[in-house]
Structure formats: C-alpha cells, structure tokens
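Each chain is listed here by its residues.
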Amino acid sequence: MKIAVCVKRVPDTTSKIVIAPGGKSIDETGLKFVPNPYDEFAVEEALALKEKAGAGETVVYSLGGPPTGETLRTALAMGIDRAVLLESGGSPDGLAVAQALAAELGMGGYDLILFGKLAVDDYNHQVGPMVAEILGMPCITSVAHLTIEAGTVTAEREIEGGVEVSTCALPAVLTCDKGLNNPRLPSLKGIMAAKKKPLETKPAALGEPALEVLDLQLPPERKPGRIVGEGADAVPALVELLRTEAKVL
Amino acid sequence: MASRILAVMEQRDGALRKVSHEVLAAARRLADAGGGTVDAVVMAAGSVEGADQLARFGADRVLTATHPDFRLYQPDGYAATVSAAADGASAVVIAATATGRDLAPRVAARLKVPCASDVTELVAENGAVIVTRPVYAGKALQRVRLTGTPAVVTVRPNTFAPSETNRPGDASAMEVPTFGPRVTVREIKAPAQAALDVAEAPVVVSGGRGLREPDNFRLLEELADAFGNAAVGASRAVVDAGWREHGAQVGQTGKTVSPGLYIAVGISGAIQHLAGMRTAGTIVAINKDKDAPIFRTADYGIVGDLFEIVPRLTEEVRKARTGH
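Going down the list, the sequences are from chains A and B.
Every number in the numbering used here is 989 more than the matching position in the first sequence, counting from 1.
At position 214 of the second sequence (counting the first as 1) the number is 202 in the numbering used here, and the numbers step up by one without a gap.
Hints were generated in silico from the structure; no laboratory data involved.
Do not rely on the hints blindly, as some may be mistaken.
Said to hold, decoys possible - Each pair of labels, with its calculated beta carbon distance range:
#: 1; chain 1: B; residue 1: 161; chain 2: A; residue 2: 1056; range: 21 to 29 Å
#: 2; chain 1: A; residue 1: 1171; chain 2: B; residue 2: 203; range: 18 to 26 Å
#: 3; chain 1: A; residue 1: 1043; chain 2: B; residue 2: 209; range: 40 to 48 Å
#: 4; chain 1: B; residue 1: 151; chain 2: A; residue 2: 1043; range: 53 to 61 Å
#: 5; chain 1: B; residue 1: 179; chain 2: A; residue 2: 1182; range: 22 to 30 Å
#: 6; chain 1: A; residue 1: 1171; chain 2: B; residue 2: 2; range: 48 to 56 Å
#: 7; chain 1: A; residue 1: 1016; chain 2: B; residue 2: 310; range: 36 to 44 Å
#: 8; chain 1: A; residue 1: 1017; chain 2: B; residue 2: 37; range: 49 to 57 Å
#: 9; chain 1: A; residue 1: 1189; chain 2: B; residue 2: 277; range: 49 to 57 Å
#: 10; chain 1: A; residue 1: 1010; chain 2: B; residue 2: 37; range: 48 to 56 Å
We put the beta carbon where it would ideally sit given N, CA and C, even for glycine.
Chain A with its partners taken away, still in its complex shape (with noise of 0.2 Å):
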C-alpha cells in the first residue's frame, strides 16, 4: 500500500494571536508552532495502515517555507518513510494550495492520499476535497472510522445529530478527524532515524491567486461581565436577568 499525508505547520492551538504591522498577517515573533492537530490523525492512520499491510511506502507532503521542513522531520519521527516539501512564501488560498499537491501527488501512483479535516489556523476545510475533484478520484471527508478491505473503503463521518457511512473504491483521498485513531508520538529512536530519511525540497507549482486578504483583525472584546452572586441562592437573580436583559429565554 502507498500512501501519501499532507500536513500543515501551524501555530500551536494553545497560542495567543497578535497582528502583524501591516494587518493582514499573525506577528510569528516567538510563537510556537506544530503540525496540525487534524494532521496527526492523519500520519497516525497511515502508518497504521502500512503496518497492517505489512509493506508499502507512506510519503509526507508540506507546502511552506524552510521552518516547514521541522514539520515534516516531526511527521518522519513518528515513522514516515520520507518526505517532500514544496517550497512556497505567503499563505496561499486552498485552491491554490490544492493545484499545487495535486500536480505532485497525481504522479506519486498513491492508494491512499490522507489530509487532516481542517488546518486549525485558517479553517478552510479544502484542500483535500479540491485535491481529489483535481484528480478524478473519490473523497469521504472528515472520517472518524475508517475499514478498508479488499480495495474497498468503509468510513464513518459525523453529521448533525447522526453518523453518515459512506464506502468507495482505492484509490482515494480522506480527511480525518479526531476519534480516528490516537498518534503516537515520536520516539526517541524516530527522532534520531528521522534525521537521515529523505527530505525532498523543490518549488510548489502554485495556481494564480483569487483571494486577496484585505486585512486581518482581532475580533472585538465582548462587553465586560459580571458576577451576578454567589451559589444557588444567585440563580433566580441570573434567570430574570436571562429573560429580561439578554432575552434568551
């Protein structure tokens, strides 16, 4: 089986956000930053899946910058087999972003191309969809279960108030959520052996862009609260304030 991850470097989800001069982009100054969390399901399900098989190869793709070969070098100490990165500046849209893996990955002959649900820094949930219409082969979005026997995918996605089982054929693009699987995390011994697999580096061929930031802002503080008291005594003081001054109920 040969799969391929997609995974994106991302401020870490724990971060406080502060604007860039110039109001279109995040200060980076200082701030941490790791693979997507939605990613990691993602690597996780692919080494499992090459394991089960017993053979194959997992490869692992990032568009970005120099930093984003830490992101990658992450993805091969969890146990990925080698890794390429397509250089680009800029945060370029989900399309964009998507004619550029998929002019990559359709060449890669991939049973599987996995993607996380969502990166958690611009919440496009795209690329991994665009990518599979690019290609011409099917797409089972945001899975949290997932069985694949004899060429077949069985996957379980959440919906409102339900759980939607869909099914198609290898080979396939999913997006994974959280419940997918639990990652591991690097071992010491993958840290080390990650230092000398393969990382590929050339230029990602971007699309033209057609969304243009306009400005990037913090949202605006909610008016200061307050204590309305102390223990259950408070409660019928909260309720009329609920009815009469918000009006929610």
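Let chain A serve as the given structure and place chain B on it in line with the hints.
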C-alpha cells in the same frame, strides 16, 4: 450589475433543514446589494417538505433537482448539480454544515474558483464578494475579497438570521447532470438519543473538568432538556479523557459555535476553548474559582458549587419556560 446568486438548500429525510433559511438570508444580502435575484437549488430523491415555502424566505426561483441517488447525500452528484446550476451565477452560498463543508470545495475545484469557508459576514462591493471569516478558531477575523466568479462561500450556522418577506416565487425542475458516483453514502446511523448538534443549537450547555466524572453530565443533560432547544457541549479536557464524544467538543480542535446562549459549567476557560464560543450571543459561566478566566469572557457569572447551582438553574429555567 444584475447578479444571480445560487443558494444551496439542505434537506434530510425529505424535509428542509433550518440552516437552508439562513443560507437564503445570506444569499439575499448579496442579491439585494446589486439588484440581483436568488435561485434556491433543492436536491432530493422526491418531494421536499418546505420547498414550496422558500419564496417567503428569499428565493426568487426554486430549482428542484430530483435524482434517485439523492435520498442521502451524494457528493459527486451534488457537486455536478451545483456546478451546473452555478453557470452564470456571481456567487454560490452553501451552509457550513457537515454536508456543505464537504460539498463547497468540490464545487469550487470543479469551477476552478477559490472558496471562502465558514463566513460570518458578507457584502457585495463593485461586483466582488467580500467576506469576513473567523480564523485561528475565532482568535482573529479575516476579511477576504473573492476575485473568481462565481464566489463560492459557506456560511456558519446560527449567523445569518432567516428573514421572511412577501415574494412571488417561481419554481422549476432542473435536470441533474450525468455523474459518476465515486462515493456512495450508505446510511445515516442515528445516535441512541436524537440530539441537537452543538454547532446548530440555539442554546449550548457545556461542561468541563469541574463536573468531576462523566456521569455528572446528566446534570447538564437535564438543564439542556429544561431549555428544550439546547445541546450539551464539552471542553477538550473531558473529550480527551473520553467522557464525551468528540462531536460535542467546543474549541479550536473541536467546534466553533455561535448559539444565542452559551452556559459554561465547570470550565476554566482555556484560550482554545474561549476561541470556540466567544461569538455566542450571551455567555453564562458557573465555576467555583472566582478567578477562572471564563468569568472575563462571560456576561453573567455565578461563583460556587455547580452541583448545587445547576439543579437549581434547571428548576428555574423549567419554571420560566413552562410557567410551573
């Protein structure tokens, strides 16, 4: 410029979902800015309850695309249909739901245009669509201009209030283009209890570590039940501990929600949780620690023992809603 806006309706089991009216409200805004019209496309296997009422919610024309494979969501068939219906449209508006988030990028890729996801504001300006969308789970707001045509956007549930008008609507059937189904949705497994989704519920009652053990979520379920229209959410800590399903998680690695009322119980208010609920209309916090960060984001707070406060709140809410 007389624009035509395509609003993609969502149905389940032959009934329109409420979010469809919100999609129409958002589409209407774009259309009205340029003297344009709104086409609502309904994809289903048979008749859809509520489709004949769409003019009232802003549709100038209802396009019905009927196909036997549309009993459940059919990703490839939906993408082919919406792409065809989008011909000549200046924008395509889709709900940022499980279905819409799956569908929109497929449509955008087919039409070779970019897509703006999870939009909370949108305007038409000089023929271009400009949207506002939360990024970093709501820690920042990004304003984006879409230069491709059509502009494909998904709108966040609970954000665009449905509006009713008197509008003479037109209805016609639309031919479903031939498509090769690469993916087949086999079934929808309903949960043991039918429950509202935290992303769509008008009221969300969320619990954190302060509840001490999973069984105590029963208290929040009772409170949600007293509201009648509430979903039970959870912090990342309790989801990671396996107390609640991931689908209930509110925050940066869970769902970002905008209910009218959000009640945080025993949640301290980590930055990644606050990011997921700060756009709620009214926020109530119940926590024993008066210095918990959640109180700085909440409109109303009660300091104290949740095991005494929550049952009392359930009782008072029930009284307020039913009069006894």
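Consistency of the hints with the structure:
1. Roughly 54 Å separates the CB atoms of residue 161 of chain B and residue 1056 of chain A, a value that falls outside the hinted 21 to 29 Å.
2. At about 24 Å, the CB distance of residue 1171 of chain A to residue 203 of chain B agrees with the hint of 18 to 26 Å.
3. A hinted range of 40 to 48 Å for the beta carbons of residue 1043 of chain A and residue 209 of chain B is consistent with their spacing of about 45 Å.
4. At roughly 59 Å, the beta carbons of residue 151 of chain B and residue 1043 of chain A sit within the given window of 53 to 61 Å.
5. For the pair residue 179 of chain B and residue 1182 of chain A, the beta carbons lie near 43 Å from each other, so the given range of 22 to 30 Å is not met.
6. About 39 Å separates the C-beta atoms of residue 1171 of chain A and residue 2 of chain B, a value inconsistent with the hinted range of 48 to 56 Å.
7. At roughly 51 Å, the beta-carbon separation of residue 1016 of chain A and residue 310 of chain B lies outside the given 36 to 44 Å, and the hint is violated.
8. Distance hint check: the CB atoms of residue 1017 of chain A and residue 37 of chain B are about 50 Å apart, consistent with the given range 49 to 57 Å.
9. Checked against the hint of 49 to 57 Å, the pair residue 1189 of chain A and residue 277 of chain B passes, with Cβ atoms roughly 51 Å apart.
10. For residue 1010 of chain A and residue 37 of chain B, the Cβ-Cβ distance of about 53 Å falls inside the hinted range of 48 to 56 Å, so the restraint holds.
This entry does not satisfy hints 1, 5, 6 and 7, going by the numbered hints stated previously.
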